[in-house]
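From just these sequences and the hints, can you work out the full model?
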Amino acid sequence: MNDTPMGDAGLQSVPALLHRNATTFANAPAYREKEFGIWQSWTWAQTHEQIEALALGLLDLGVAPGDHIAVIGRNRPYLYWSMMAAQMCGAVPVPLYQDAVAEEMAYVLDHCGARFVIAGDQEQVDKVVEVQDRLPMFEQMIYLDPRGLRKYDHGKLHQYSHVQDAGRAKRDELRAELKRRSDALNYDSTCVMLYTSGTTGKPKGVVLSNRNVIETSKSSSEFDGLRQTDDILAYLPMAWVGDFIFSVGQALWTGFCTNCPESPDTMHVDLREIGPTYYFAPPRVFENQLTQVMIRMEDAGRLKQWMFHYFMAHARKVGPAILDGENVGAMDRLKYAMGELMIYGPLKNTLGFSRVRVGYTAGEAIGPEIFDFYRSLGINLKQLYGQTEATVFITAQPDGQVRSDTVGVQCPGVELKIAENGEVFYRSPGVFVEYYKNAESTADTKDAEGWVATGDAGFIEEDTGHLRIIDRAKDVGQMASGALFAPKYVENKLKFFPNILEAVVFGNGRDECTAFINIDLTAVGNWAERNNIGYGSYQELAQHPQVLATVKAHVEEVNASVAQDEMLSSCQVHRFVVLHKQLDADDGELTRTLKVRRRIIEEKFGDIIAALYDGSSEVSTTTEVTYEDGRKGAISATLQVQSATVTPVAQKMAAE
Amino acid sequence: MLDQTDGYVTADGRKIGGVVMEMKNITLRFGGVEAIKDISFDIREGEIRAIIGPNGAGKSSMLNVISGFYVPQEGQVFYKGAPRPPMKPFEVARQGIARTFQNIALFEGMSVLDNVMTGRLTAMKTGLFSQAIWKGKAEAEETENREVAEKIIDFLEIQAIRKTPVSRLPYGLKKRVELARALAAEPSLLLLDEPMAGMNVEEKEDMSRFILDVNDEFGTTIALIEHDMGVVMDLSDRVVVMDYGKKIGDGSPDEVRGNQAVIDAYLGVAHD
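So the sequences go chain by chain: A and B.
Mapping of the first sequence onto the working numbering: position 440 corresponds to residue 532, and the numbering continues sequentially without gaps.
Mapping of the second sequence onto the working numbering: position 39 corresponds to residue 52, and the numbering continues sequentially without gaps.
Calculated from the structure, these hints are not laboratory results.
A hint or two may mislead.
[Unchecked claim] Have a look at the derived ranges for each label pair, beta carbon to beta carbon:
1) B/Glu152 - A/Lys262: 52 to 60 Å
2) A/Glu141 - B/Thr156: 23 to 31 Å
3) A/Met399 - B/Thr156: 37 to 45 Å
4) B/Asp226 - A/Ser728: 49 to 57 Å
5) A/Ala276 - B/Asn213: 50 to 58 Å
[Stated by the list, open to error] Every beta carbon over 12 Å from chain B, so not counted as near; a handful from chain A, in silico:
6) Tyr199
7) His360
8) Asp416
Bear in mind the structure is a predicted one, so any value in this text is a computation, not a measurement.
The C-beta atom is built at its ideal place from N, Cα and C for all residues, glycine as well.
Structure representation (structure tokens):
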């Protein structure tokens, strides 16, 4: 093992870091996965052996330096190892979203010219087999779970463990070549290629170098004081840059343990069992959990309900202050300690957050109430702002300076500037190398001095230095009156209501703003059950008069709040429809990371938008839907166009 | 007597072995009612063999004869080449036969895991007393059997409900748990009584996939009764068709589909 002695300076690639961990933290757990009801675990030394065996096997299969190896599947240690084994061979791993349909996969696999694919199970193998005729570069596929694959033609197909066995058998023969290839890696070699979900157009392959990944992992780990003994739960898509940085980059840098759930359905149980110390989730996950807690509390006994509400009120008052280390009176502290004993502690335990030391949310704005709920329980939840092109980190909130309306200060090594039109630019060691085979887009995004356009509009608060994001820069527009139009700002306010899952606001270049609303089936369904309201389908529930009335009240409340903001008061929603279907990534309406794709929605639902502006009171429409297996169907519905009261704007302008 | 050597190769390339079980001129009466009239057929190793027929055709009675629960008045059942004497249910289980029921017969108050573990009963050697104090051998034995149970839970993708009491599960999942319990006995012959009854299309598709996977992964011989013709035709290698206690067809799904007697039985032509 000691054949490549190196100091800290030599840690310029993933294999080098892996080698260091296998030596320094040899017997510490590196990966865990719950399988067959038990947490199976691998130490760093065992992990190194597994990865090396696979890498040797890949060499045996003919992997060449610079090859792209696609990795498709849910979070499993074996697939993380696949990525590192690819790197050892000098190849570039390309993780793909496992819930993408075959068509989407075909584009990415063809674009990166993957010669090899490592797939999790039969489902993924089937998708690749389906499109393989369109992939001239594709040669071999390795699969992890052999189930159901026995009868497949094994001409191009290999079982993961067999590839490892072949690698082990030829260890003596191939080891020198493997060492030569890993030693050739340096800070400038490509570490990974990640496809952006692409809110507009086709996905782009973001090339990240070892410098990007390792420098970012190093500085962000130091920023939050991550430790070798930390635990994380890896459950977010492997194709997402965040998961790569948390589960590979930071895990390798600090040597902490990455835990993989048993199956997507058991995530909450597994979260509780592991009790991660470092945790990341998009706002949606926190929202869902809070909704669940609230629904379950309504079913609880009267005493428990009273205790919950009593102590939560106290927690909201002093919890965040205690977390930030501010001065809080002794009585309040005592009461908080009692609450911790009776409510907060057990609740955190149920949620799996008992041990969380650093928690992050990002990707979308989080509702202030949701954010404060977790902070008041004593969970150190913070926000960060990042992008694939920045290797995640642009800004983050330091401990003690956490607020729900900012995304924090610039991370170590990051420089920020705001352009004239309000767009945020950054420069950092994490700035990506290029978009693969797309020099034009690279030049559009990154200038010669290394400044990258985020595509987001925002400003830096003068007194605190915190960055605030308003909206996507390209979505910020003007109303017919010339007033500023920032749809996301209004949508976020709408989405903070538990009953509203998704909202899309229109109004660019028009006189008035209108909106599409998606109800949250969990919250609204529960409400219906409680009030004895029968419904046969999502569509029916969405158009129920009482649901429409509730949504209308929410919209009007948002209008009142939007009216307070001088710049954006024209963005109040005049009319809205509650949509008959959930916006879905399978239908192309959302990205795989669940962000709204405005242009596609505008095209697809053009008839409904027209009805919102031509004074109709209802609109009949038919929408094509794609099922999970790729088949298509259609649903039709008649939607009520609802008007909402608009709050008059205080005429400050006239006074000036 | 029995043809143990000849096998055949299925359309998808699986090799089917010799005869595992043979029914010879079975007649079963309940008082004056003849539920099964002089039926003969065989089940071969590794195949998926279906018994179909309209309501009241005698399918469930046939499955109960196969499982040894009913002893026919006439005819003989041969299992692995030898005539099978009347047996008690646990003796049948020890012979490597497991089944599921048309009306789910799980222990409602117990968790999914505990239900699956009951399927391991025949594999447990230690006595009641040592299991109660859970020491030494009994402990090791439980660990060993738990491993088997967990592999099956993983296989049938019911990890998320491992600790859930069965009574709280929806119908489709209960059916899957029942299959899990039957598989836990590691049977060489698995009998499924209407595995898809009362399921929606999606649940039927899932169950079909599991049945095929069981056959493929463990090489288990499967005999099943099913109502849904579409499912049977997709799943089975050979099909026996019954009507009013008689066998009216036997062969590959295609042969059976073209059989006039079968078409008549399903379309309701008058019987004399």
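Legend entry - Structure-inconsistent hints, enumerated in ascending order: Going through the list in order, the structure violates hints 1, 4, 7 and respects the others.
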